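K.L.:
Chains as they are written, first to last, in my numbering: chain A, 80 to 346; chain B, 87 to 367.
Bear in mind the hints are in silico, worked out from the structure with no lab data behind them. On a predicted model such as this, the values are computed, not experimentally measured, just so you know. Mixed in with the good hints, there may be bad ones.
[As the list claims (entries may be wrong)] SDA-like cross-link-like pairs, simulated, lysine to any residue; straight-line CA separation at most 20 Å:
#1 B/K204 with A/L319
#2 B/K139 with A/L319
#3 A/K293 with B/G131
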Amino acid sequence: MLEKMIFGRYVPGNSFVHKLDPRSKLLFVFLFIIAVFLANNTITYALLLAFTVLVILIARIRFYFLFNGLKPILFLVVFTLLMHFIFTKEGALLFEWKFIKIYEEGIRQGIYISIRFLVLVLMTTVLTLTTSPISITDGMETLLNPFKKLKLPVHELALMMSISLRFIPTLMDETDKILKAQLARGSDLTSGTIKQRIHAVVPLLVPLFVSAFKRAEDLAIAMEVRGYRGGEGRTRYRQLAWKNRDTFVIFLFAFLVAVLFWLRGGN
Amino acid sequence: MKEILSLDHVSYTYETEDEKPHKAIDDVSFTVQDGEWIAIVGHNGSGKSTLAKLMMGLMYPNEGKIRVFLEELNDETVWEIRSRMGIVFQNPDNQFVGSTVQDDVAFSLENNGVPFEKMVPRVLDSLAQVQMEEFLDHEPHHLSGGQKQRVAIAGALAMEPQMLILDEATSMLDPQGRDEVIRVVDDLKRAKGLTVLSITHDLEEVLLADRVIVMNEGKVMMTGKPEEIFAHGDVLESIGLDLPFASRLSRELRKHGVNIQGEHMTEKELVNELWTSHFNK
């Protein structure tokens with residue numbers, strides 16, 4: 080089940096989007112998330128959706144792959160859509176069946192919110208699909224560098240993030256192993272009341288935590304012995320290079336915002 | 087011969103609140119010379135992991151002195167000394183810091199402030215020395231245990247160390263992975279004259295060493311060449327060490343009245359002894 084999830088996964092490629100500097104991508108996605116809230120009528124929402132589809136096409140991500148991987152999130156989108164259909168009671172009444180009444184405004188709001196949600200999820204997924212976790216961490220670290228003056232431990236945060244990402248598959252394997260070991264001993268995780276099931280998870284979590292702490296200790300020793308003394312005086316193996324295409328992306332964003340402002344309904 | 091490491095009457099006691107203090111290392115002295123391969127063997131609880139921690143400067147002895155590269159190991163010298171020795175630990179997963187092979191190899195270079203231009207060739211060169219250059223962008227969970235340990239060795243080599251410490255580096259590997267790692271270390275030792283100190287309880291690994299130090303209950307029990315040590319097979323077994331297969335087999339054969347002479351540490355030696363054993367009659 081978890082193998083199919085693509086939210087937060089990286090798929091190597093060679094497209095324009097893949098080749099962008101992580102800083103420009105992060106900056107773009109971050110600003111885009113804010114810009115999404117500028118849309119307030121059909122044409123601006125359509126623009127956002129079209130733009131996102133275009134980005135996916137440029138990144139050469141197959142729609143089927145995206146659809147399959149985001150199923151659980153799409154379910155959430157459909158759910159919001161239905162909630163709006165049913166509960167927003169404004170505008171002209173369009174449809175009535177027993178106690179279900181659907182109004183024009185409900186449909187409009189539902190579609191708008193769903194597009195907003197969808198666009199956000201798609202954009203961040205494109206970011207993580209086209210950028211390796213290590214590049215994201217590097218990008219974050221450089222982007223956050225100015226905050227060092229405010230005593231924000233930027234290097235430590237970035238290192239924490241990259242180590243966590245590095246250990247996710249390791250801990251997943253471990254969970255799988257413990258799960259099988261407990262199943263072999265007759266533990267049952269799939270039936271019984273909710274209370275029983277929660278009780279059955281305990282023997283899964285305890286060994287997992289114990290081993291995670293053991294790993295953390297080993298890792299700390301290994302890091303210290305290999306000369307890790309914090310960010311001070313450290314050099315970087317990964318170098319980021321800001322190219323013309325990255326500047327282009329920032330200009331593209333400015334252009335998008337300008338168009339959004341222009342097409343936006345006044346109120 | 088240049089001295090690389092020396093322990094001078096070193097003792098270490100673990101202080102615990104509820105139990106009585108446990109003396110893990112008791113008056114241990116030995117010297118390691120440049121270019122030697124030393125194996126420290128002992129059963130669990132023999133004090134060999136404590137010894138490893140003391141040599142890396144993770145803890146300091148209660149009594150005695152440790153000298154590494156002719157400098158006394160203390161708070162001031164520890165970082166400089168660590169930058170000149172490479173250490174490979176037991177668990178391949180728990181010492182892999184970087185997200186990919188090349189990031190991990192570069193980790194100690196980054197820590198020691200090596201400039202970027204020098205880092206790249208050193209990373210590539212170190213990976214080539216352990217035959218892992220094709221795995222540059224691989225993530226750790228796509229590598230086997232043996233491959234991960236080879237990356238760890240490359241990470242150590244990147245700093246161009248004078249001494250390589252293998253702290254149970256092969257004990258979690260399958261036989262194939264273990265052979266890979268031992269072969270790589272053996273090649274390196276021959277090619278570069280690297281000083282190797284392997285802490286192990288695997289007596290097969292010991293066969294490659296120039297000198298063996300047997301630890302038991304915090305003390306040095308025996309020191310000598312592998313063949314000298316294996317001559318005391320019964321003693322080794324009595325402190326919980328497993329003899330190499332060939333050596334065990336040769337003992338058993340003799341017990342059953344097969345007429346063979348001497349100690350046989352490798353399969354080849356035993357086979358040679360067996361097929362020639364009737365020649366002189």
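K.L.:
It remains to establish, for every hint, whether it holds in the given structure.
P.N.:
Hint-by-hint comparison with the structure:
For a cut-off of 20 Å, the pair hint linking B/K204 to A/L319 stands: about 17 Å separates their Cα positions. This hinted pair does not check out: B/K139 and A/L319 have alpha carbons roughly 37 Å apart, beyond 20 Å. Restraint check for A/K293 and B/G131: satisfied, since their Cα atoms lie roughly 18 Å apart, inside the 20 Å limit.
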